[in-house]
Structures are given as structure tokens and as C-alpha cells.
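Novice: The residues making up each chain are set out below.
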Amino acid sequence: MSVIKKSNIKFLVGLFCLFSTTVSFAEVAVIVNKANNATIADSDISRVFLGKVKAFSNGDKITVINLKFKKPARNEFEDKVLNKSASQVKAYWSKLMFSGKGKPPKEFASDKDVLAFVAANQGAIGYIEAASADGSVKVIKTF
Amino acid sequence: MKKLTQSLLFSSMLVTYSAHADIAFNGFASIVGGVTTSNDEQLYGYDNTLSFDEGSLFAIQASSELGEGLSVTAQILSRGENDWKPDFEWAYVAYEANDNLRLLAGRQRIPFYMYSDFLDVSYAYPWISPPAGVYSTVINTFDGIGAIYSTNLDEFDVVVHGIYGNSDGEISVDTELTGKADAIFDNITGASMAVTRDWLTLRAAYFQADSTIGLLRLQPLVDGWSAAGFNDIADNISVFEDKSEFVEFGFQAIFDTVQVIGEYTELTTANTTVGDEDSYYIMVSKQFDTILASITYAVDEDHADAITGGVPTGVSPQLDALIALTNGATDAQEVDVTSITLGLRWDFHDSAALKFEYIDYSDDLNSDNDTGLLKAALVTVF
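In order, the protein sequences belong to chains Y and L.
When you line the first sequence up against the working numbering, it's residues 1 to 143, in that order.
When you line the second sequence up against the working numbering, it's residues 1 to 382, in that order.
Next up, chain Y with everything else stripped away, as it sits in the complex (with noise of 0.2 Å):
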């Protein structure tokens, strides 16, 4: 009997756990190359995430960089800027995926490995934890 008990409290909190909700604690900063000098209106960096702005203002092609997935900046990043569940998002790349209209960006594991990148490439565009952000990248927005 109380095995069963045990078994159903076990149960129910690991239900509570999957409807839970991600707790938000962090800004996120979207981040260019130092060098990069096109605008980027406030509209457009969802589409540019969503790859469907594929270049910048100046020509430059954009490449976009992505933080691992359950990364909390991530997380973050696809609720309030695109507005989208993790689910969503991973969604929305399987239909371009699997239809060959495109595919899902290069994911890093680390800000630092983000950062990293974009200091390194010109046409780079990512996403960290506003903390994270340094001299050696451009924030163009934080959310």
C-alpha cells in the first residue's frame, strides 16, 4: 500500500517538474563583429535568428551562431525575442530542414565560445548573457 503511495508522490512531482516553467534570471545580449558596421533594426533580428534576413544592411552575408540547447540565455533568447517555445523553435527548423529550404545555425556550447567566434568573423551574429558580453564584440541590443 504504501509503496503505491510512494510510487504516486514520485509520479506527481515529476509531473510538476515537466510543466514547470523555465525561471528567467538573466538579459541577453545580441552581439556582431567589432568591424561590423550595419544597422539592424529591432524587427529584423528575429528574421535574421529565423534565417530569413540572410544579409546585413551593408551586403554582408550574415552567418548566426546559437547557444546549445537548455543553455538558460537560450532559453531566454527564444522566448522574448522570437517569440517561441523551445518546442517551437526546434519545430520551425525541422519543416526547413526536412524540406531543404534551409538549416538550423551552429550551435556553441559556451558564451565564451560565441564570443569567441564573433570576434573572429565579420559576418557573425549571436546571442550570450549580457555578463558574458566584453570589448571584443559589439552589443547591439539587449533584451
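Derived by calculation from the structure, the hints in this document are not laboratory data.
A couple of the hints might just be wrong.
[To be verified] What follows is a set of in silico ranges between Cβ atoms, one per label pair, in the way DEER data are often shown:
id	chain 1	residue 1	chain 2	residue 2	range
1	Y	Lys-141	L	Thr-257	22 to 28 Å
2	Y	Pro-104	L	Arg-197	22 to 28 Å
3	L	Thr-257	Y	Pro-104	22 to 28 Å
4	L	Pro-86	Y	Ser-132	43 to 49 Å
5	Y	Thr-142	L	Gln-208	47 to 53 Å
6	L	Val-158	Y	Lys-61	16 to 22 Å
7	L	Asn-231	Y	Pro-104	54 to 60 Å
8	L	Ser-367	Y	Ala-109	56 to 62 Å
9	Y	Asp-134	L	Asn-98	31 to 37 Å
Note that CB positions come from ideal geometry on N, CA and C, so glycine has one too.
Model the placement of chain L on the given structure of chain Y, informed by the hints.
Specialist: Just chain L now, with coordinates in the frame of chain Y:
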């Protein structure tokens, strides 16, 4: 010796290739279980015994960038309803001419519908499978060429997708009118266009094709009318290089957690006994954290005009019998179906979702066909 050299050469070529080209593997799968709620009615291949093969599928996609904008992609898909026999669903070479223009050659999808491009990727849409009344063309892929032009006009994202090609494979159509019949579609030509601005997407598509369907079951009628000297009626019964036309209008509107999607389609095949199909659906969904609840209302109406109008009755019993049989064939195509689908999708995992659906199906011409269908699915992308 020559053979050995050849095979050595070939394998060294393979080695060089694999050293240079990275091949990316991705895939998706749906495991679907379904059962009807009434004892003797079948619906979409389901009956009152729980079945797991209908609608279940597994797909692997391999793609490789060759450089200079060139890439190759193959998608192999096996369906439970075809005894899991694998088939190439897509197999094409793509060329990125520039940031706006992408050219495809090979086997690819016909962009009939809003969800054509990822028809089988259940993870990418709310339902277990898209509404059956609208999504009812007998073919979804073709072999040929395609061009996708995407551009941004101010805040509008515009995508135009044009195609030309054929579908001469062994596609069998199985309807009440035809029985099992082989179908060939030549000169499939047309385009779709989608415009998105912020929360709203509007879509339209037009395609045409020369259709040939081997209607063996109707051959006695064709012979009968020819023998009676009515060659035009005989012609109108057979489907031989007759022009089919397809039109689609669709929209998608997103208001924060609420989404409204609708599509209307019209399919006609002129000068044949094949009925004209008019179908539409409208879906409203709301997202509650990881749960998506949806309701879909769908209507499917088919109609075939009688083709015996100019023939006098009462001239001879043989002719009267021909008229009756032919009218029977066109009458049999009358369809008037309404369905309401209640759906739940639960995103319980990063790359997998559980879906539950109840479809209430009512046949407005024959209420004996009314039934309910319960479905559950585990869908994933990887």
C-alpha cells in the same frame, strides 16, 4: 585484373569523397495507434481493432554540402501501412544560386499545401497528420526541377516556389470509382506563393497536370459507348491525358499563444468522370506551457456532373442500361463529409511530443458511415 583495378579505383574515390564531404544525418519518426469507436465502420484505414501500422513512419535524411552552393540530399521513408517498405521520398541536388534563389533537381515535394514540404514530419505541426479532406491528392512528390525564390520586401517575407516535372511511378489510386488503378501525371506545372508579415501568413498555390488513370473497372462502359457510336462520352469516361487543376488558399495567424490556421483547396479534372473536390478546414489552437490544445473543423465536398445529358432515353434497352451505369459512376462520387477533430499535443521532451486526437466524422449523405476515431502518437525528430 582490370576488374580489380577498377574496384580499387572506385573504392579510393569513395575514400576521397568521404574524407572531403561531411554527411549530416537527421531523421524523424511517428508511432501512431488508432481505433474507431463504432463496430463496423472504417475510417482512414482504421477499424475497431487497435492498429499501429497505419500512419506510423520512420525516415532518415542524409545531406552533404559539396561547396560552391551545391548540396545533395536524400530522404528515405518507410511507412507502416506499406509494410515498412523504404522509399525515396526526396532525392535531389540543390544549387544555391544566390541568397534569394535556390534550384532543386531530382525527386521533391509538390508544394500543394501549407504543410506539403514537411507533410510527414508530425513534430512540426499540431495534428497527428494534416486534415485528410484537404490533404487528399494521390501524389505528393514528383521528379523534375524546382525553384525557390525568397525575398524580403520591407517587413514582408515572400517565398515563391515553382516546379515542373512528372510523376510516372507506380502510384495506385484506390477509390470507389476506380478500384485499384495506376496513375501517371505528366507536365506537372505550377507554383505556390507565401507572404508573411509578423503574425500573419497568406498562401496561394496553382498547379496543373496531364492525368492518366487506368480505370479498368470502367473499361466496359468505355467499350459500350464506343460501340454505340458515342465516342465523346467514351472519351469522357476514360482519364487519358486529361487536364487536372489544383488551387489552394491558406492562412496562418498567430496571436501570442493562440493560432488560427485555415486552408481551402479545389481539385478538378476536366472532361472525365472524376469528381471535382472542394475541401477546407479551419483550426484554432492555444498553447498552455508544454500543452497545445486544438480544435479543427473540416469539410470535404466532391461532385461529378452526369455526362449522359445529350443521350435520348428509351431508344433501346442497351442504351438505357449504359446511361444508368454511367450515371451510377458519376453519382457514386458525390461526397459530403464534415469532421471535427479535438487534439492535444504535449511537448514532454526536447525532441519528442505525445499527441492525442479524437475525430468525429459525419457523412452527410449516408449517416451509416458516421464514426469516431481515437488516435495517439509519439512523434520525434532527431
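Novice: Range first: 22 to 28 Å. Now tell me if the beta carbons of Thr-257 of chain L and Pro-104 of chain Y are that far apart.
Specialist: 24 Å, holds
Novice: Could one say that the CB atoms of Val-158 of chain L and Lys-61 of chain Y fall in the range 16 to 22 Å?
Specialist: Hint holds: Cβ distance 20 Å, inside 16 to 22 Å.
Novice: Can you let me know if the beta-carbon spacing of Asp-134 of chain Y and Asn-98 of chain L is within 31 to 37 Å?
Specialist: For Asp-134 of chain Y and Asn-98 of chain L the Cβ distance comes to about 35 Å; the hint holds.
Novice: Given a hint of 56 to 62 Å, does the C-beta separation of Ser-367 of chain L and Ala-109 of chain Y actually sit inside it?
Specialist: 60 Å, holds
Novice: With respect to the beta-carbon atoms only, verify the hint that Asn-231 of chain L and Pro-104 of chain Y lie 54 to 60 Å apart.
Specialist: Since the Cβ atoms of Asn-231 of chain L and Pro-104 of chain Y sit about 58 Å apart, the hinted range of 54 to 60 Å holds.
Novice: Does the Cβ pair Pro-104 of chain Y, Arg-197 of chain L satisfy 22 to 28 Å?
Specialist: About 23 Å separates the Cβ atoms of Pro-104 of chain Y and Arg-197 of chain L, which means 22 to 28 Å holds.
Novice: When you take the CB atoms of Pro-86 of chain L and Ser-132 of chain Y, is the distance between them in 43 to 49 Å?
Specialist: Given range 43 to 49 Å: holds, Cβ gap about 46 Å.
Novice: Range first: 47 to 53 Å. Now tell me if the beta carbons of Thr-142 of chain Y and Gln-208 of chain L are that far apart.
Specialist: About 52 Å separates the Cβ atoms of Thr-142 of chain Y and Gln-208 of chain L, which means 47 to 53 Å holds.
Novice: Is 22 to 28 Å right for how far apart the beta carbons of Lys-141 of chain Y and Thr-257 of chain L are?
Specialist: 25 Å, holds
The earlier numbered hints are all upheld by this structure, with none contradicted.
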